[in-house]
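Participant: These are the residues of each chain, in order.
2 protein chains.
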Amino acid sequence: MTDLVEKTLHSKTIFEGKVIDLRVDTVELPNGETSTREIVKHPGAVAVIALTDEGKLVLVQQYRKPLEKLLFEIPAGKLDPGEALETCALRELEEETGYRCRSIEHVVSFYTSPGFSDELIHIYFTDTLIRGERHLDEDEFLENYEVDLQEALQLLKEKKIDDAKTVYAVQYLQMQQ
Amino acid sequence: MTDLVEKTLHSKTIFEGKVIDLRVDTVELPNGETSTREIVKHPGAVAVIALTDEGKLVLVQQYRKPLEKLLFEIPAGKLDPGEALETCALRELEEETGYRCRSIEHVVSFYTSPGFSDELIHIYFTDTLIRGERHLDEDEFLENYEVDLQEALQLLKEKKIDDAKTVYAVQYLQMQQ
Numbered sequence: 001m002t003d004l005v006e007k008t009l010h011s012k013t014i015f016e017g018k019v020i021d022l023r024v025d026t027v028e029l030p031n032g033e034t035s036t037r038e039i040v041k042h043p044g045a046v047a048v049i050a051l052t053d054e055g056k057l058v059l060v061q062q063y064r065k066p067l068e069k070l071l072f073e074i075p076a077g078k079l080d081p082g083e084a085l086e087t088c089a090l091r092e093l094e095e096e097t098g099y100r101c102r103s104i105e106h107v108v109s110f111y112t113s114p115g116f117s118d119e120l121i122h123i124y125f126t127d128t129l130i131r132g133e134r135h136l137d138e139d140e141f142l143e144n145y146e147v148d149l150q151e152a153l154q155l156l157k158e159k160k161i162d163d164a165k166t167v168y169a170v171q172y173l174q175m176q177q
Numbered sequence: 001m002t003d004l005v006e007k008t009l010h011s012k013t014i015f016e017g018k019v020i021d022l023r024v025d026t027v028e029l030p031n032g033e034t035s036t037r038e039i040v041k042h043p044g045a046v047a048v049i050a051l052t053d054e055g056k057l058v059l060v061q062q063y064r065k066p067l068e069k070l071l072f073e074i075p076a077g078k079l080d081p082g083e084a085l086e087t088c089a090l091r092e093l094e095e096e097t098g099y100r101c102r103s104i105e106h107v108v109s110f111y112t113s114p115g116f117s118d119e120l121i122h123i124y125f126t127d128t129l130i131r132g133e134r135h136l137d138e139d140e141f142l143e144n145y146e147v148d149l150q151e152a153l154q155l156l157k158e159k160k161i162d163d164a165k166t167v168y169a170v171q172y173l174q175m176q177q
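Residue numbers (this note's numbering), protein chains in the order written: chain A, 1 to 177; chain B, 1 to 177.
FYI, nobody ran anything at the bench for these hints, they're computed from the structure. Hints should not be assumed to be uniformly reliable.
The list makes no distinction among identical chains, and a pair is therefore deemed to hold if it is satisfied within one copy or across any two copies.
Below, in silico cross-link-like pairs of lysine to aspartate or glutamate (EDC-like), each with a Cα-Cα straight-line distance of 20 Å or less [claimed, not checked]:
no.: 1; residue 1: K159; residue 2: E105
no.: 2; residue 1: K12; residue 2: E33
no.: 3; residue 1: K7; residue 2: D137
no.: 4; residue 1: K41; residue 2: D21
no.: 5; residue 1: K159; residue 2: D127
no.: 6; residue 1: K41; residue 2: E151
no.: 7; residue 1: K78; residue 2: E158
no.: 8; residue 1: K41; residue 2: E16
no.: 9; residue 1: K69; residue 2: D53
no.: 10; residue 1: K7; residue 2: E140
no.: 11; residue 1: K159; residue 2: E68
no.: 12; residue 1: K69; residue 2: D3
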């Protein structure tokens with residue numbers, strides 16, 4: 001293998017926000033030339049594919065400001081500092097949907113945009129839900145829905161399910177059939 | 001449905017880069033309170049699930065600076081301004097792998113990180129490859145690989161396939177079996 005690694009020559013912090021930080025790295029390319037890389041730092045996230053006793057997929061509908069539109073998504077949220085992945089999965093599921101669960105398992109983790117961000121999202125699965133009460137963050141507004149596979153595929157077709165983790169979740173459900 | 005829309009009160013550009021821009025919007029929440037949203041603008045991208053005549057998945061290995069590691073990914077790249085999606089798919093496939101193809105079809109599109117970015121990636125599929133010569137961008141360094149499904153699943157297990165579009169591609173292949 002050719003050495004493909006890019007060596008950092010300089011790193012400049014541009015912005016430190018409440019969710020993301022932005023920095024620009026000047027790098028030495030494998031051929032000795034220099035270039036810059038724009039890098040968004042993110043704390044990472046967890047999402048849950050949750051199936052009800054009737055086999056329906058639990059979704060939340062929320063407004064996504066970057067897209068200026070409403071999306072149906074599987075429950076998800078950012079990791080708190082030092083928080084264990086499974087703790088985060090259980091917390092976000094309960095906060096956003098009111099559901100707790102008797103067991104939960106890790107399915108897959110993936111970087112959402114490896115070209116410009118380090119965001120890593122961890123996908124969990126549960127079908128052992130226990131109904132409770134939801135309690136949203138103060139700046140979080142969302143509606144709850146439960147859909148069967150046909151309804152999920154219809155939402156996908158209508159571009160109302162339109163994000164990586166939820167498209168993955170629908171494909172995951174299709175594979176379980 | 002409760003009105004979940006967030007109204008923009010103020011928008012501040014923080015950074016304009018060669019790949020992404022960053023702005024912070026001050027928004028009015030559905031309950032009348034204000035909050036801020038950190039938003040990364042991205043031109044959008046196209047990726048190709050390309051199968052050789054032997055049914056192998058075409059991958060490129062490249063160094064991803066935000067993760068400081070090498071990933072195996074399906075061929076992909078950013079949209080040029082005004083570029084048609086299919087044109088971009090064919091261009092990136094040829095640039096990164098040398099392959100052209102007789103036909104290509106759209107599979108799905110998804111937002112990678114709707115919480116903080118508008119990046120939309122369009123996934124295409126082809127199994128009608130014609131071998132040619134690759135010609136990379138000047139700041140692009142990558143190696144080409146072709147793997148069968150078992151090898152792809154092994155790379156997934158080893159976290160060498162580790163990003164949204166490629167994890168999706170492997171699941172897509174599994175569904176075709």
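Participant: Tell me, which hint numbers fail for this structure?
Facilitator: 5, 6, 7, 9
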